[in-house]
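*Asks:* Listed in order, the protein sequences are those of chains D and X.
First residue of the first sequence: 8, per my numbering; consecutive thereafter.
First residue of the second sequence: 12, per my numbering; consecutive thereafter.
By construction, these hints were calculated from the structure, which means they are not laboratory data.
Virtual Cβ for every residue (Gly too), placed ideally from N, Cα, C.
Incorrect hints may have been included.
Computed beta-carbon distance windows for the label pairs [stated by the list, open to error]:
(1) X:S63 x D:C20: 44 to 54 Å
(2) D:P15 x X:S50: 14 to 24 Å
(3) X:L67 x D:D72: 41 to 51 Å
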Amino acid sequence: GAVVSQHPSWVICKSGTSVKIECRSLDFQATTMFWYRQFPKQSLMLMATSNEGSKATYEQGVEKDKFLINHASLTLSTLTVTSAHPEDSSFYICSARGAVGGQPQHFGDGTRLSIL
Amino acid sequence: AQSVTQPDIHITVSEGASLELRCNYSYGATPYLFWYVQSPGQGLQLLLKYFSGDTLVQGIKGFEAEFKRSQSSFNLRKPSVHWSDAAEYFCAVGDNTDKLIFGTGTRLQVFP
Chain D
8 GAVVSQHPSW VICKSGTSVK IECRSLDFQA TTMFWYRQFP KQSLMLMATS
58 NEGSKATYEQ GVEKDKFLIN HASLTLSTLT VTSAHPEDSS FYICSARGAV
108 GGQPQHFGDG TRLSIL
Chain X
12 AQSVTQPDIH ITVSEGASLE LRCNYSYGAT PYLFWYVQSP GQGLQLLLKY
62 FSGDTLVQGI KGFEAEFKRS QSSFNLRKPS VHWSDAAEYF CAVGDNTDKL
112 IFGTGTRLQV FP
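Okay, chain D solo, but in the shape it has when bound (with noise of 0.2 Å):
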């Protein structure tokens, strides 16, 4: 149980195109959905925290008009990278937790994003 599904795994585009990643719970109601970041080799930093229904709320030094995020149902959220730049290349990392108290983030296999 618990499965988080990430779309798509890798992506290459040119500079200034937006691109959409899909993170999605398969089998449990996700009302929280967290967007990371990692860079090679290094850990995960939040980008942000988005609750169905909501608006996402940022970490401190992320743009939220670069980095949109829609969390439109209990099972969706999307990251979209608005007018990426070869900066922004990196892997980003989705995960998802459940209503109950005490469940823990179960993540996606991330998207691998490489802007040319």
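Since the structure of chain D is provided, determine the placement of chain X on it from the hints.
*Replies:* Just chain X now, with coordinates in the frame of chain D:
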């Protein structure tokens, strides 16, 4: 400030040997503690978690971890390592399961 320290960046062990990965934390309140494993190019898989109760926690894949409040530690152990255990291991701490602070990770290499 809240933080997690994994002192060992890279550990190499022989298959069948025992393993201990260190994790120290700095946290104001009673923490929620987690160990996650990440294979190359993939997301994180939860190995085990500690919220309260018995300080020795059993996880998946034969891993266990012990919470030692006096030492602010939550070290991960496995009595006999398998080649498939080679991966990156992250310790994480939080006040609930939302805002997690991750350590920098320990890369485990297993020799046959």
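*Asks:* Now look at each hint and say whether the structure bears it out.
*Replies:* Evaluated hints:
no. : hint                      : in the structure
1   : X:S63 x D:C20: 44 to 54 Å : 46 Å, holds
2   : D:P15 x X:S50: 14 to 24 Å : 18 Å, holds
3   : X:L67 x D:D72: 41 to 51 Å : 47 Å, holds
Violated hints: none; the structure is consistent with every hint.
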